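Q: Mind docking chain X on chain L? Use the hints.
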Amino acid sequence: MIAELGFAALWMAAALAVLQLVSAALSLREEGRQMAALVRPAAIVQGALATTSFVILLVLFAQTDLSVKLVATHSHTAKPFLYKLTGAWGNHEGSMLLWVAVMALSGALIAKIEHRLPERTTLATLGAQGFIGVGFYAFLLFSSNPFERLPVPASEGLGLNPLLQDIGLAFHPPTLYIGYVGLSVAFSFAVGALLTRQVTPDFARAMRAWVLGAWVFLTLGITAGSYWAYYELGWGGYWFWDPVENASLMPWLAATALLHSVSVLASRNALRTWTIMLGVVAFSMSMLGTFLVRSGILTSVHAFAVDPERGSFILVLLTIYIGSALVLFALRAGSIAEGERFAVTSREGALVFNNVMLSAILAIVLLGTLYPLLAEAFGARVSVGPPYFNPVGAIFTFPMLAVMAVGPLLRWRDDSWSRISRPLALIAAVCIVALLIAVVNGPIGILPLLGLVFAAGLAVASFAPLRGRRLRRVPVATWGMIFAHFGIAVALFGMASEAAFSDEELAALAPGDSAVVGPWSVTLDEVEPVAGPNWTALQAGFSARVGDGAPVTLNPQARSYWSPAQETTESALATRWNGQLYAVLGNRAEDGRWQVRLWWKPFVTLIWYGGVLIALGGVLAIIGWIRADYRKRWMAERLARHREAST
Amino acid sequence: MNARFKPKHQRLVLVVLALIALVAAGLLAAWGLRNQANFFYVPSQIAEAPPETGRTVRLGGMVQEGSLDTLADGVTVAFVVADGEASVPVRFRGILPDLFVEGSGVVAEGQLGADGTFEAESLLARHDENYVPRELQEMTEHQKREVVAETVPAPDTAR
Numbered sequence: 001m002i003a004e005l006g007f008a009a010l011w012m013a014a015a016l017a018v019l020q021l022v023s024a025a026l027s028l029r030e031e032g033r034q035m036a037a038l039v040r041p042a043a044i045v046q047g048a049l050a051t052t053s054f055v056i057l058l059v060l061f062a063q064t065d066l067s068v069k070l071v072a073t074h075s076h077t078a079k080p081f082l083y084k085l086t087g088a089w090g091n092h093e094g095s096m097l098l099w100v101a102v103m104a105l106s107g108a109l110i111a112k113i114e115h116r117l118p119e120r121t122t123l124a125t126l127g128a129q130g131f132i133g134v135g136f137y138a139f140l141l142f143s144s145n146p147f148e149r150l151p152v153p154a155s156e157g158l159g160l161n162p163l164l165q166d167i168g169l170a171f172h173p174p175t176l177y178i179g180y181v182g183l184s185v186a187f188s189f190a191v192g193a194l195l196t197r198q199v200t201p202d203f204a205r206a207m208r209a210w211v212l213g214a215w216v217f218l219t220l221g222i223t224a225g226s227y228w229a230y231y232e233l234g235w236g237g238y239w240f241w242d243p244v245e246n247a248s249l250m251p252w253l254a255a256t257a258l259l260h261s262v263s264v265l266a267s268r269n270a271l272r273t274w275t276i277m278l279g280v281v282a283f284s285m286s287m288l289g290t291f292l293v294r295s296g297i298l299t300s301v302h303a304f305a306v307d308p309e310r311g312s313f314i315l316v317l318l319t320i321y322i323g324s325a326l327v328l329f330a331l332r333a334g335s336i337a338e339g340e341r342f343a344v345t346s347r348e349g350a351l352v353f354n355n356v357m358l359s360a361i362l363a364i365v366l367l368g369t370l371y372p373l374l375a376e377a378f379g380a381r382v383s384v385g386p387p388y389f390n391p392v393g394a395i396f397t398f399p400m401l402a403v404m405a406v407g408p409l410l411r412w413r414d415d416s417w418s419r420i421s422r423p424l425a426l427i428a429a430v431c432i433v434a435l436l437i438a439v440v441n442g443p444i445g446i447l448p449l450l451g452l453v454f455a456a457g458l459a460v461a462s463f464a465p466l467r468g469r470r471l472r473r474v475p476v477a478t479w480g481m482i483f484a485h486f487g488i489a490v491a492l493f494g495m496a497s498e499a500a501f502s503d504e505e506l507a508a509l510a511p512g513d514s515a516v517v518g519p520w521s522v523t524l525d526e527v528e529p530v531a532g533p534n535w536t537a538l539q540a541g542f543s544a545r546v547g548d549g550a551p552v553t554l555n556p557q558a559r560s561y562w563s564p565a566q567e568t569t570e571s572a573l574a575t576r577w578n579g580q581l582y583a584v585l586g587n588r589a590e591d592g593r594w595q596v597r598l599w600w601k602p603f604v605t606l607i608w609y610g611g612v613l614i615a616l617g618g619v620l621a622i623i624g625w626i627r628a629d630y631r632k633r634w635m636a637e638r639l640a641r642h643r644e645a646s647t
Numbered sequence: 648m649n650a651r652f653k654p655k656h657q658r659l660v661l662v663v664l665a666l667i668a669l670v671a672a673g674l675l676a677a678w679g680l681r682n683q684a685n686f687f688y689v690p691s692q693i694a695e696a697p698p699e700t701g702r703t704v705r706l707g708g709m710v711q712e713g714s715l716d717t718l719a720d721g722v723t724v725a726f727v728v729a730d731g732e733a734s735v736p737v738r739f740r741g742i743l744p745d746l747f748v749e750g751s752g753v754v755a756e757g758q759l760g761a762d763g764t765f766e767a768e769s770l771l772a773r774h775d776e777n778y779v780p781r782e783l784q785e786m787t788e789h790q791k792r793e794v795v796a797e798t799v800p801a802p803d804t805a806r
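From first to last, the protein sequence lines stand for chains L and X.
Those letters in the first sequence? Residues 1 to 647, by the numbering used here.
Those letters in the second sequence? Residues 648 to 806, by the numbering used here.
No lab work stands behind these hints, which were simulated from the structure alone.
Being a predicted model, the structure only gives us computed values, none of them experimental.
For each residue, glycine too, the CB sits at the ideal point set by N, CA and C.
Please note: incorrect hints may appear among the correct ones.
Stated by the list, open to error - These stretches of chain L come out as covered by chain X in the derived footprint (C-beta under 8 Å, 3 or more residues):
1. 365 to 372
2. 383 to 395
3. 501 to 512
4. 590 to 599
Said to hold, decoys possible - If you want a taste of the chain X side facing chain L, the calculated C-beta under 10 Å gives, among others:
5. I667
6. A677
7. G679
8. R705
9. R740
10. E756
11. L771
What the hints assert, rightly or not - Interface residues of chain X toward chain L, partial, derived using beta-carbon atoms under 10 Å:
12. A668
13. A671
14. G673
15. A676
16. W678
17. F687
18. A719
19. T723
20. S769
With the rest of the complex left out, here is chain L (with noise of 0.2 Å):
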């Protein structure tokens, strides 16, 4: 029965989305003024119903309710409860209703807090954000029903895909999701300033928060998601260039512009059209990996659900929205130009750089990932990889890391060199050191040496801003900003120290055996069968230690769940400061002794320290700014009042 509920809920969330859209696009005519009064509620008891049905998803996987086909096909009786829960969106139906819910929320959340704009700015856009709702609430009742029922219940289910029973995985997608969900509401506040043509630094305050939030939580998803590849797919690797992976980098290339010149608009009333244009742009690129993703169009080792109807679907609103947009964007951008003007040496002068970079490396990505569909069409099979994407992109990586480096040194606009020569001279020297370094060390790759001086260059450039500056002064956002910065340092140095110094070492041991993999000595104690909840394994007990220090235990095992019936490979890591010890086991040769893939990756937990610093410093940004609005409503209270009382 809760099922019915459920999917009821939903055609009624899909209902209010139409209402909300028709409301808020007649009550932006005269005539339709009396509409207004709808859309807000509208628009919040869309967001309790959506949620509601998928609270009801998640009780229906919590119960393994087989008489659902999506549990039945996605669950099983004898998985762990969490799994259970995270089946929920482990799967194509569910994670769009997840996408949808949050999405609702969102919209429920702008209706109810959003009081600072034009009122007729925040109508627009919630009308906006149902029209995007409406087209992801028909996807979902008409091609991807979740609440579908069995004509006979199962007796037992499918099982969920093993790969992604896994904690990191679990929590992966919803933080995507969030993310690209929050570029909708960029989207749509865009797309509301541009039909009341109020592309203002008010309008750029209230879509920050949205953009900033998304950008946290895309950031989080692709750290989550690189850090999941690393250890559980057991090939070693953080970044493969998959189209899948491209898929969330191309939205968070698209949003870090985005958030960049949107605090320009905010906070100099310039670069007016270029961030409406980033907005659409940005959520373009969530609806194009949607796409990518859902369609199974390219080739890749993440891809699921691969249904060309859902494809073709996603491909139709992809064109509606972005197409439609786009329109709106040709006829109103001449009437919103105006900004205010700034001096090449300048932050938004720097800022505009590193837009520019930005574009042209999700340009590079862009192409990358679609070439082999544009070959396909010609005839040729082509993948791309690595050997592409990383030269080309570095080309326009380092002059923006270079400029990152310098650019919150200068101020609002205009300055000059001659004032930053000092912090510059400090970096540039740090450089230098760090060149000399790594070449004294040895050869290395040409992209890991500039990747290890840009590193140092930039984590010591993040901190110059403080630098003549109160330390209990400085703004909290101002602190979101270097530590995001040097974030990025951290992440950079750490990928360059894994591709110049990891060691690798494949060996067949019997028991008893050692292998050395850099400053390790490893060996192999024994190899024996283990059982979990759903699945049986061989698990091999490695005993390392670096010289004489005390041995540590790593337990790799090769997994073989059964249902469905699938191997995994679960690697077995050994964290220490400067690095980590990565251990596989794999086959068993016919003369007993066992497959071993060792690695020692100096440095590599740097790459996703880095990325939580990143999201980190979103966070203390969107606080700072939160915090400041505050402040400021408050101070204009307290002044008006006191104008009131001297009257």
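A: Chain X alone, transformed into the frame defined by chain L:
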């Protein structure tokens, strides 16, 4: 460097700058893709017109039944990839991916050696049992059906 443009000019400069960067990115991408893209081969294509030795390419096909063999060093495996018309011997030093099975589809990335053996640097694993390498659609209809039948479990609604 302190020149301050008129707003109109400044906007023009910005637009031109952005366009130049994007065009440059596009050209670089086009150049990079022409040079660096790894081309995909099936065994019959290798038999017809093999890629030059040492160039990184991808090879896709079915792992021939009974061809999998571990060499004496214990870490190198040899197998044969076939597409029904031709076959290519492959050597791979490493741990086989989880879903690597004889008689199943595989995509290997590496170079063709002078002796005609494909030296694989990596084997692209399928992520789950629903994943069929799209590149394998080049194969004959019959083989394609085989791959699909084997990798996509039929929805079992009767249970």
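Q: Evaluate each hint against the coordinates.
A: Structure-based check of each hint:
1. Counting residues of the segment 365 to 372 of chain L whose CB falls under 8 Å from any CB of chain X gives 3; the rule of at least 3 is met.
2. Counting residues of the segment 383 to 395 of chain L whose C-beta sits closer than 8 Å to any C-beta of chain X gives 8, which meets the bar of three, so the coverage hint holds.
3. For the segment 501 to 512 of chain L, the stated coverage by chain X is satisfied: 3 residues place a CB nearer than 8 Å to a CB of that chain, which reaches the threshold of 3.
4. Residues of the segment 590 to 599 of chain L lying with their CB closer than 8 Å to a CB of chain X number 5, which satisfies the three-residue condition for coverage.
5. Taking 10 Å as the C-beta cut-off, the interface hint given for X:I667 holds, the closest approach to chain L being about 9 Å.
6. Interface restraint check: X:A677 against chain L, minimum CB-CB distance 8 Å, threshold 10 Å, status holds.
7. Hint status for X:G679 relative to chain L: holds, with the closest Cβ pair at about 4 Å, below 10 Å.
8. About 5 Å separates the beta-carbon of X:R705 from the nearest beta-carbon of chain L, less than 10 Å, and the hint is met.
9. With its C-beta approaching chain L no nearer than about 6 Å, X:R740 sits inside the 10 Å limit, and its interface hint holds.
10. With its C-beta approaching chain L no nearer than about 8 Å, X:E756 sits inside the 10 Å limit, and its interface hint holds.
11. Residue-level restraint check for X:L771 holds (minimum Cβ-Cβ distance to chain L is 6 Å; threshold 10 Å).
12. Because the smallest distance between the Cβ of X:A668 and any Cβ of chain L comes to about 5 Å, under 10 Å, the interface hint for this residue holds.
13. Interface hint at X:A671: satisfied, since its Cβ lies 7 Å from the closest Cβ of chain L, which is below the 10 Å cut-off.
14. Evaluation of the X:G673 hint against chain L yields a held restraint, the C-beta minimum of about 6 Å falling below 10 Å.
15. For X:A676, the interface hint holds, since its Cβ comes within 10 Å of a Cβ in chain L; the closest pair sits about 4 Å apart.
16. For X:W678, the interface hint holds, the least distance from its beta-carbon to any beta-carbon of chain L being 8 Å, beneath 10 Å.
17. Given hint, X:F687 at the interface with chain L, holds; its Cβ is 4 Å from that chain's nearest Cβ, closer than 10 Å.
18. A hinted interface residue such as X:A719 counts as satisfied when its beta carbon comes closer than 10 Å to some beta carbon of chain L; here the least separation is about 9 Å, so the hint holds.
19. For X:T723, the interface hint holds, the least distance from its beta-carbon to any beta-carbon of chain L being 9 Å, beneath 10 Å.
20. The restraint placing X:S769 at the interface with chain L holds, with a minimum CB-CB distance near 8 Å, inside the 10 Å limit.
Hint compliance for this structure: no hint is broken.
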